[in-house]
Amino acid sequence: MKDIVIVDYGMGNIKSIQRGLEQVGASVILSSDPVVITNASRLVLPGVGAFYDGMKGLQNAGLVNAIHDFVRIGNPLLGICLGMQMLLDQSEEHGIHTGLGLIPGNVKMIPESNHGEFSRKIPHIGWTQIKNPGFQNWKGSCLDDIQAGEYFYFVHSFMAVPEKKEYLLAQCEDEGLLVAAAIKRDNITGLQFHPEKSGKAGLKILHKFINT
Amino acid sequence: MIQKPQKIDYKKFSDDKFDEVKYGLPPEVKFCKNCVESNQRPSTTVEYHHKKDSKKETVFFDENGVCAACNFSLEKDSIDWDARDQMLRELCDKHRRNDGRYDCIVPGSGGKDSIYVSHLLKNEYGMHPLTVTWSPHIYTEWGRKNFDSWIHGGQDNILITPNGRVHRLLTRLAVDVLFHPFQPFIFGQKSLAPKIAASMGIPLVFYGEHEAEYGSEVENDDESIQDNKFYSDVSFESMYLSGVPVEELIQDFGIDKSELQPYLPVDQNIINDNNIEVRYFGYYKKWHPQGAYYYAVENSNFSAAPERTVGTYSKYSSIDDKIDDFHYYTTGIKFGRARATEDAAHEIRSREINREEGVALVKKFDLEWPERFADEVFKYLSIPENEFPSASKMFEQPIMDRSYFEDLSDSFRSPHIWKREDGLWKLRRTVYKE
Amino acid sequence: MRNIRLIARLDIKAPNLVKGIQLEGLRKLGDPNEFALKYYLQGADEIFYTDVVASLYERNSLLDILEKTTNNIFIPITVGGGLRSIKDVAAILRAGADKVSINTAAIKDPNIITAISRKFGSQCMVLSIQAKWQGSYWEAYYDNGREHSNLDVVEWAKKGEKLGAGEIILTSVDKEGTTKGFDVELVKAVTDSVQIPVIASGGMGEINDVDAVIKDGHADAIAMAHVLHYNNLTIDNVRNHCANNNIPVRVYTLTEND
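Chains as they are written, first to last, in my numbering: chain A, 12 to 223; chain B, 22 to 455; chain C, 7 to 264.
Hints are computed from structural coordinates only; laboratory data are not their basis. Hints are supplied without guarantee of correctness; some may be wrong.
Straight-line Cα separation of at most 25 Å, DMTMM-like style, residue types lysine to aspartate or glutamate; simulated pairs [claimed, not checked]:
#1 A/K119 x A/D185
#2 B/K306 x B/E373
#3 B/K33 x B/E392
#4 C/K194 x A/E123
#5 B/K454 x C/D217
#6 C/K168 x A/E186
#7 C/K168 x A/E103
#8 C/K34 x B/E319
#9 B/K97 x B/D431
#10 C/K164 x A/E123
#11 C/K114 x B/E373
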């Protein structure tokens with residue numbers, strides 16, 4: 012079953028994700044209809060922009076419960092970038108704001124320096140390698156076809172800090188700092204990087220997502 | 022005595038109907054269907070006969086509403102340029118000298134066009150050019166830099182700079198009488214090269230573009246030759262410079278006859294005796310301004326101007342004289358179309374842009390007030406007593422300032438082109454929609 | 007050091023890819039999508055599209071081109087040129103762009119930087135600065151290199167960062183299109199003054215030009231146009247050179263995308 016629903020709540024580069032998914036064989040529906048969303052066979056939560064605006068967008072469209080319901084049913088959910096960050100409990104971006112609370116943890120600002128040693132440029136923009144920190148197997152996840160050390164495109168100023176290490180699926184290193192590249196809890200996966208913007212490597216992930 | 026401009030009566034401009042049509046221009050303003058030029062555009066004039074009340078010949082529009090310049094340009098499409106190139110080679114073979122003397126003259130300023138012509142002649146056609154420059158009124162920084170790098174890049178050059186005082190006086194007079202600050206430059210531009218050709222025995226002169234590229238009529242059978250009416254064949258007594266009879270310039274304005282040398286035409290006998298040929302390079306090579314820019318940048322140190330040229334969108338065309346801004350502005354006042362129109366029309370014909378884009382460019386830039394050098398130019402156009410003891414007495418207001426210039430502008434506006442609405446000047450007809 | 011990004015810059019005058027010299031005299035080179043696809047397959051890290059005549063004709067016509075590009079190119083795309091309002095930006099992002107590049111609108115009203123960054127995130131707000139050397143400082147130009155702003159580039163960059171820009175693309179008006187090398191001094195002056203990534207643009211001619219602008223100029227990314235469009239270099243040429251010269255770049259093998 013390859014019908015994927017992308018949550019359309021006014022934020023995020025949905026066109027690109029749609030194209031990426033179609034490229035790997037999915038037929039895609041963009042929707043802001045809670046019923047469609049709850050009953051999707053697979054759901055993608057995109058997001059580009061600020062956490063508060065993202066959550067407000069979901070709330071205004073009446074989609075928070077729909078997403079929770081979807082998760083309860085147990086089908087695979089993929090959050091991308093801001094969509095990944097919103098899976099957590101809360102974020103400190105522009106104040107403290109509540110997220111979807113689907114994966115325990117917070118979203119924090121990427122620190123500008125490691126103990127005052129040097130300055131790191133914010134946002135973290137560019138192609139960075141990911142690796143498996145060893146808490147979860149990539150097999151059976153959407154990273155199944157990925158090898159450690161493959162490059163993906165990141166662009167973010169805030170990072171997910173899950174409460175428990177076992178939610179970490181992949182990490183990357185940004186100038187000495189370990190950053191959560193992917194998190195997973197049961198049927199919920201979040202990717203900090205943009206698979207739809209990461210060339211063939213990213214397409215492999217999308218392909219896996221629609222086929223598990 | 023040059024009177025200062027009177028405030029004009031706006032009534033002539035405020036009605037929908039107008040009584041007066043200045044300069045013998047076509048009463049109804051029309052725009053070319055192909056480019057953006059208007060039918061008010063004057064053809065290239067013989068400046069020696071140019072007086073205040075002269076009637077202008079304008080560019081011809083055919084029955085389809087297409088201007089002569091566009092038609093000329095279309096003809097260029099069907100020209101066999103290989104054959105023309107062959108003709109150029111033969112012409113060069115005929116004139117080439119290998120005994121150490123110059124064999125041709127290239128008049129120019131160090132702009133993209135003169136670089137193109139001089140470099141090609143020297144490097145591709147084996148000629149030994151002498152470049153000849155008639156100085157701009159007031160060099161721009163980048164214009165002077167381009168001129169220097171042209172010469173230092175490997176071209177021989179003679180630069181003739183007219184007597185600064187005389188030049189200023191003639192320019193001021195040209196502004197007051199004809200509203201044409203560029204005229205003194207034109208005299209030199211057209212006559213200098215043939216004069217040098219005659220005096221140094223170099224019988225071949227290559228100008229660039231044919232006047233027909235701008236819509237002037239081609240009167241010669243041989244389109245490659247410049248009509249000598251532009252640079253010779255005028256008797257001293259019948260001559261007008263700056264719209265003033267030469268005798269008056271000498272008697273009333275304190276100019277010595279010898280100081281008029283640079284502005285005078287060439288004696289036609291000298292041209293004939295020396296078999297001087299004044300030709301257009303553009304006859305032999307398809308003229309393409311943007312192509313010349315690329316050629317210049319790739320083959321020399323030519324640089325575009327660091328800022329957009331006033332009144333237009335480009336940065337690489339005719340950028341060496343600060344007076345230029347005013348030249349085009351005054352043209353705009355008199356004929357309702359100015360630099361952006363000219364540049365856009367040219368680019369439409371060479372297919373760099375389409376008409377819609379040309380219209381947008383005219384709307385955005387045409388007739389822009391030339392603020393950047395205004396103070397300097399007004400100072401240049403002033404005739405103070407300490408610098409001009411006799412000439413200053415001939416002006417009711419020798420010092421030029423902005424308000425004088427504005428009043429003067431108004432006196433040259435024609436009611437068939439301009440109207441006065443809500444305290445502002447507006448063009449009655451524009452190529453763009455408001 | 008983060009991996010340096012190799013960016014292909016395409017100046018567009020719809021529907022053509024164009025290229026000028028010192029932002030003047032635009033020559034048509036062909037279909038932008040063909041070129042963009044070629045660069046994607048060569049391993050470009052990002053694509054930058056600029057509508058270079060948007061300010062002349064009061065339009066941004068990149069929507070169509072963008073739509074086609076997103077069909078088969080899966081790397082980040084930044085779009086600039088004539089974007090004047092939040093509405094313009096929203097439309098471009100919705101059409102598939104990941105980031106927007108703003109110059110003229112920001113100079114005219116710097117608050118737009120904050121507005122865009124607040125609404126869409128600072129990572130999507132790239133401040134485009136066109137810099138021209140004026141003898142003792144660099145001046146920021148707008149309207150695609152036509153108008154001067156009297157703003158000092160370094161001060162303007164700092165202000166842009168404060169207002170919320172996520173990145174700067176810094177173009178040397180003097181060098182661009184000349185293939186005479188980057189203006190390394192310019193890049194360094196800006197990278198020394200801001201904490202956000204700076205993309206160096208304008209002047210790349212030979213493969214060695216990369217070294218100075220990264221090592222001395224501290225650029226985080228380079229944008230290439232002329233050298234790519236005229237096939238003097240390919241992106242993988244540049245990538246290999248970086249890899250062999252201690253410049254960290256992503257590993258990309260040519261056979262990856264087919």
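Tested hints:
no., hint, result
1, A/K119 x A/D185, "holds, 15 Å"
2, B/K306 x B/E373, "holds, 18 Å"
3, B/K33 x B/E392, "violated, 28 Å"
4, C/K194 x A/E123, "holds, 20 Å"
5, B/K454 x C/D217, "violated, 51 Å"
6, C/K168 x A/E186, "holds, 23 Å"
7, C/K168 x A/E103, "holds, 19 Å"
8, C/K34 x B/E319, "holds, 17 Å"
9, B/K97 x B/D431, "violated, 39 Å"
10, C/K164 x A/E123, "holds, 17 Å"
11, C/K114 x B/E373, "violated, 29 Å"
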